[in-house]
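Q: Here is what each chain is made of, one letter per residue.
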Amino acid sequence: MKLLDCCKLHRRRRQWTLMVYAGHIHALEVNESFAHLWQAFDGKEFTRSDVAAFLEGEYGLDEAEAREQAAQICDLWETQHLLMP
Amino acid sequence: MGNAAPSDAITGIFLLLLRSGLYGQPVAADRLAALTPEHWNTLLSMARRQTVTGVLASAVEQLPGEVKVPAAIDYALMAETDRLEANYLKMSRAVASLTQRLLAEGLHPVYLKGLECARFYPVPERRELGDIDLWLPHSRDHHFTHEGFDVDVHSRYYDLYRQHAGLPEIPSPEAELLMLNVHILKHACSAGVGLRQLCDMALAYSALPYNPGLYREACRRAGVLRWTRLLSSFLNQYLGADAPLFGLPAPDPAPLLKIVRRGGNFGHHNPSRLEALSRRPFLRKADTFWRILCATPFSLRYAPGTVSGLLATLFKGNLGA
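Chains as they are written, first to last, in this note's numbering: chain A, 3 to 87; chain B, 2 to 322.
Pulled out of the complex, with its shape left as it was, chain A reads as follows (with noise of 0.2 Å):
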């Protein structure tokens, strides 16, 4: 899977907005963490073990636990249609 390649972070005063560009333009607000992640995978190919993989070495996480919320966040950016077709 990749991210949505028409898309652009943005921090500004300590937040994160992510302007999406697909059809029409729309804002989402994004925590440290979303950013963090974003930044890590824009414009590359990945996969969940990836996304888990990360997690583990970012934020010390188990293996069970980086698995569980690898597979939210690949659901959330899939759901928000953050992911390229």
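Just so you know, the hints here were simulated from the structure itself, not pulled from any lab data.
Just so you know, these numbers come straight off a predicted model, no measurement behind them.
Here a beta-carbon is modelled for each residue, glycine too, at the ideal position from N, C-alpha and C.
Be aware that a few hints might be false.
Cβ pair distances, simulated, as ranges [as the list claims (entries may be wrong)]: (1) B:Thr-297 to A:Lys-10: 45 to 53 Å; (2) A:Ala-42 to B:Arg-222: 56 to 64 Å; (3) A:Asp-7 to B:Pro-138: 38 to 46 Å.
Covered stretches of chain A, going by a simulated chain B footprint (3 or more residues, C-beta under 8 Å) [said to hold, decoys possible]: (4) 22-29; (5) 50-56.
Got chain A sorted already, so can you dock chain B onto it with the hints?
A: For chain B alone, kept in the frame of chain A given last:
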């Protein structure tokens, strides 16, 4: 700086924010505490009319956390900067391929304004870009398109209307400053000029290692010394620049502010000018002729040699579009 004549207070805040965007000058939160969402809409509208949204965006990014910027304004500015940055990248690639093509034909272009001015900005990608302008010595004025951009080829480096002996060698910092200077003058004495070109000039004075004595002499030879002092007074007072006054008192910059407020972006936001631009070429030229005449008191006061030259150029077909 718009049709509804924003108040002097809002104009003052707009210019304060531009200075912040250009030079990184911090803006105290209390200066903006009384701004309503409508005021912010007005500021964004002014930035669009003056084609300086990238500068405004830079300023807003630097505001203290306690300043409440409406989310819609933040999102609009983010979308603007993304658009500007994408266009900058596209134009940079187009200029690179155009240069290769021209060099292969034995031509040596000197690029003017636009992308060249962007390099003066703290974030070059945030300078609004339009056409690609270049000077080709010994060529004629003409236009073509390249990779989706309009390319204007100029036969003259300077927007001056008669031969002036002893102008600076091209390229040089003094030549580039004079070129930008008289380009602003040309538009100020016809349809109007906006803040984008004035921001370019303000930053150019900081960025270019020019010799003040040589530059003063160049302005004198070009017959624009008095105009240059007015321009400098405007840039220093409203945009926080360090533009030269040649040891003389700063003239009142209000006449130039009036021109900038009236139109913005080469007068393209003056409603009657907008209407004229949508008409046939003859009617557009007639409108430009009328505007040159209306600007004559200003031109005669600050650059007397400009009026006849502008009219001659208009009738030769280079103005009015």
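Q: All hints are to be evaluated individually against the structure, with a verdict given for each.
A: Going down the list of hints, with the structure as the test:
no.	hint	verdict
1	B:Thr-297 to A:Lys-10: 45 to 53 Å	holds, 47 Å
2	A:Ala-42 to B:Arg-222: 56 to 64 Å	holds, 59 Å
3	A:Asp-7 to B:Pro-138: 38 to 46 Å	holds, 43 Å
4	22-29	holds (count 3)
5	50-56	violated (count 0)
Checked against the numbered hints listed earlier, the structure breaks hint 5 alone; every other hint is satisfied.
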